Amino acid sequence: MKSLSEIETTSKRASKAVGYSWGVSEEVGKNIRMLEMFGLPGIKNLIEYYNIKKEKKFENLKLVNKENKIKTYQFCPIISGMSFLDQIRSLESLGEIKFEKLGYPLLFLPFVSRASEIIGKRLMFKLDENQFLLNFNISIFSNLLKKDIIDIANLASISFLENSDSFSEKEWNQLYKISEETFVKESESLKKGAAGAGLTDND
Amino acid sequence: MQVELRDPNIIMKLSRLGSFHQSKLSFLRSFLKEFKNWEYRKDLFDLNELGYGTAIYSLRKEKRVYSLICFANELNENERSDRVIATKWDAAFTLYDGIPSKKDIERLKFEVPKQEIGRLSYKELTLSRANKSIRAFNHVVESLSDGKQPDVKFLSKVGYLYRTTAVYGSGKFGLADRFRIKNREEIYGPFRLEMMLVYLVRQFTFDQVNHIAKFKNPKKSTKLNDDISRNLGIGNSTGLGMAPFIVNHPTLLNNWILARENALKNIREIKNVKKEDMELFKNCFKKSIKNITSWNTDSEYQKKKINSLLNDLNKFNKFIENDFNSSEYYLFNKIYLWIEKNLGEECIEYIVSLMMEPYDNIINPLTTQMSSEEEKYFNIPTHRTVEDLKKILEEKYSEMLKIDFSKKENNQNFWFISKNKEEPRLANRFEEKGGDLEQPLAIARDIKKLYETLSTSKNSSTIDKFLVNNNHLRHVVRRAFITEKFPYSEIQDNTISNTIVPIDMLRLKLSFFGAIKFDPRSDKWLRISMFQGAPLPNELKKYNDQWIYNSLN
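Line by line, the protein sequences give chains A and B. Following the numbering used here, the numbering of the first sequence begins with -15 at its first residue and continues without gaps. Following the numbering used here, the numbering of the second sequence begins with 5 at its first residue and continues without gaps.
Rather than coming from a laboratory, the hints here were simulated on the basis of the structure. Predicted, not measured: the structure shown is a model, and the values here were computed from it. Glycine included, every Cβ here is placed at the ideal spot set by N, Cα and C.
Each computed DSS-like pair below joins lysine-lysine, with the alpha-carbon atoms no more than 30 Å apart: (1) B:LYS127 - A:LYS28; (2) B:LYS157 - B:LYS308; (3) A:LYS14 - B:LYS176; (4) B:LYS394 - A:LYS14; (5) B:LYS395 - A:LYS14; (6) B:LYS469 - A:LYS40; (7) A:LYS46 - A:LYS28; (8) B:LYS92 - B:LYS423; (9) A:LYS38 - B:LYS437; (10) B:LYS546 - B:LYS161; (11) A:LYS37 - B:LYS469; (12) B:LYS294 - B:LYS161; (13) B:LYS338 - B:LYS513; (14) A:LYS(-14) - B:LYS107; (15) A:LYS28 - B:LYS425; (16) B:LYS279 - B:LYS319; (17) B:LYS338 - B:LYS322; (18) A:LYS0 - B:LYS513; (19) A:LYS37 - B:LYS423; (20) A:LYS46 - B:LYS380; (21) A:LYS82 - B:LYS380; (22) B:LYS425 - A:LYS38; (23) A:LYS0 - B:LYS425; (24) B:LYS127 - A:LYS(-14); (25) A:LYS46 - B:LYS395; (26) B:LYS411 - B:LYS394; (27) A:LYS14 - B:LYS423; (28) A:LYS(-14) - B:LYS380; (29) B:LYS176 - A:LYS0; (30) B:LYS425 - A:LYS14; (31) B:LYS92 - A:LYS(-14); (32) A:LYS14 - B:LYS513; (33) B:LYS308 - B:LYS338; (34) A:LYS14 - B:LYS127; (35) A:LYS46 - B:LYS489; (36) B:LYS469 - A:LYS85.
Some chain A residues judged to face chain B by a derived CB distance under 7 Å, without partners named: (37) SER(-13); (38) LEU(-12); (39) SER(-11); (40) SER5.
Bound-form chain A, shown alone (with noise of 0.2 Å):
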C-alpha cells in the first residue's frame, strides 16, 4: 500500500512533469492526497488525465462566473478548481456556479471542499447524476459508488448552502427537554451565594 506522503509527493512531481506550476503542482498533490485518504480514486482520475491531455486540448478558466460554457474544448480540471479557489469569496455571493462540459470533474473536486473550509459553509458539488456534499473539508458524502473515473461531466454546478439547522425547533426543544434531566434544583441558599449575590450592579 502507498503511504499518503508517496502519493503527494509523487503527484506533485508528476504536475510538475506535465507542465504545471511548481505551485500549482503543490495544490495537486495535495488535493490527490486527499481523494485517496477519503476512499475516492485520485490517482486513477490523474493519471487518465494526465495521458489524455497528452492528446487532447483542455481550457484553463482563469476568472470563474456564475455560468462557465465552452464551445470546443473541455475545462481543465486543475486550473478552473484552482481559479474556483481563489475567487471563493467573490464568488459565494453569486449562490450557484455551472460548468458545462468539465473534463475529470473528480479532480475539481478538492478545490471545493478547501473552498467549503474557507467560508465555512456546506457545499452541493453535482456532476450530472452524482452529488457530493462537503463538509467544511473535513468529509465528503457522495452517492458516487464503484465508479473509478469519470472523464467528464456535462454540466457541474455548486452551490452554497447556508448554515441552518439540520432539525426543526420542535426537535429541538425535545432534546433540550432530556438534557434538563442532568441539572439540579438550587436551594434557596444556594441561590444567595451564587456569582453577585449580594452586590447591586450599580456599585
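The hints should help you fit chain B onto chain A, whose structure is shown.
Coordinates of chain B only, in the frame set by chain A:
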C-alpha cells in the same frame, strides 16, 4: 525587563544557522527524557557466530510497544559504501509499531535489507541501515576476544562502531504516515521515532560486538566495559538529502528556531540567577571543552571553525573568571550581550546552547512546541491585496530583494532530484544539464521575481486576481504569507549562489537532532556522531541530564 527575540535577518543567515550546536532542545535529548521511564527489553537475539541474523529490542509503557527489528547480514568488503547509491549494508533496521509476529518478521527480513527498493507497511514507523566502522569494530572484536578492553584513545578518534547512512520516516517507501501516530503524546517532539531507532541501534552494535568476540574465543573473551560503551555513539553520513527539507518545511523550521529563540529570551529575562544555576552553566561550559578538543576532522573549513571556536572559548573563560560580576541582576543577559559583542557566530551559538542547561522549567514546555501542523497554512489568503504582499516582501525579505540575479555568481547553482537515486543534488547550471528541471528551492530568486511582478501590478488588486496571470509564482506567494506569520521560517540567504555552503543547511538540522563532532568530508556531505556519552538503555531510569558533557573522549 523585556528582551526582544533576536532578528531573523541575522539568525536565519546560513553562516549563523551553520554555527548551531546541540542543546537541551535537541531531539535526541528530549527523546531520552520522554522515554526514561519506559521499560527496555531485548526480546530476540538470534545471531550466528559471525554476528549475522535477527535481533529485536523494545521500549514499552502500558499498552504501547515500539520494537526495533535488526537484520545483520554478511557484506563483502567491496560492497560496503556509505553513499546513498549503495544497495547493501552490514545491517538494516526498522522500528515496528507494536510486537511483530513471526509473519511480520519474515516479511520484513525480505524487505528491510533492500531499503529504498523494499516495501514497508503502515505497521512500520522508521527505516534505516548502517555500516560498520571496520577499523573500530574489528579492533573491539580483537580486543574483547583476547580478554582485553579496546584502546579508548583509538576509539575516541572514531566515536562509534556503526554509521547509519539514512534514517527514513513519515510515509517513505510505504512506512506509516505521520497522521496515523501524531496524536501520541510521547512523540509530540519532532523525529522522536527516528531518534528511538538510532538509540536502539547503538545498543545492538554493543551486543553484536560482544557476541562475536565471545564466539571467537569462548574461554578468554570479555564484555565491552559499560564506560567505554557509553562513550560510543552512532555515526551518521549525511549528504544533500537533508538540505531541501528545511526549505520545504517552513513552519517546522520556524518552530525549531522559535523554540531556541524563546528559550534564550526567557533565560536573559531572569532577574535573579540562582548561584547553583550559574554553577551548572559554568560546569557544563568547562566539561564541554573536551568535546571540542576531541573533535577530529580533516576538513580545513571545519578546522578553521574549531580553532576560532577554541580561541573564543578561551576569551569567554577569561571573561567569566576575571571580569564577570556574578552579584548583579540579569546575569545571563549580561553574558549574552558580552558574547554578541566579543565572539564569533560559532561561539555565540555554542554559549547560547549551554545557557539552557540549568532551565528544565523553560526548556521542557518548549520541546513540545517544535512540531507543526503544516496543512493549516497551505491555503493562500487570496482576499489579501498586492499591497499587503509587497509589504510582507519588503519587511521579511529585504536582504534577498537586494540580490542581482542577472549576475552569474548569484544564479550559478540549481537543485534537482537525481534520477538514479531520487535524492536532491546541487549542480552548476552553466556546466551541467537539467537546469530546466530545477526544484523550487531558489527562494531568494523567485521572491525577487515575485516582487518585480507585484511592482507592476495595481496595489489594490487582490491576490486571486494577481494569480490569474501569475500562477508560475504561486509557490512563493504561499511562502510569503507563511513567513508573515512565522518569522523564522525562511533562510535569509541565496541558496543558489556560487558561495553557498550546503553543509551549513545540514549542520542546522543535525544540531537540532543533537549531533556533535560535525566532520565535513566535502562541502556537500559530512559525518557526525549521535548519542555519544548517552546513558545505556538499562540506565535510562536514572541518568544525568548533562550526559553530553560527561563524555570521556
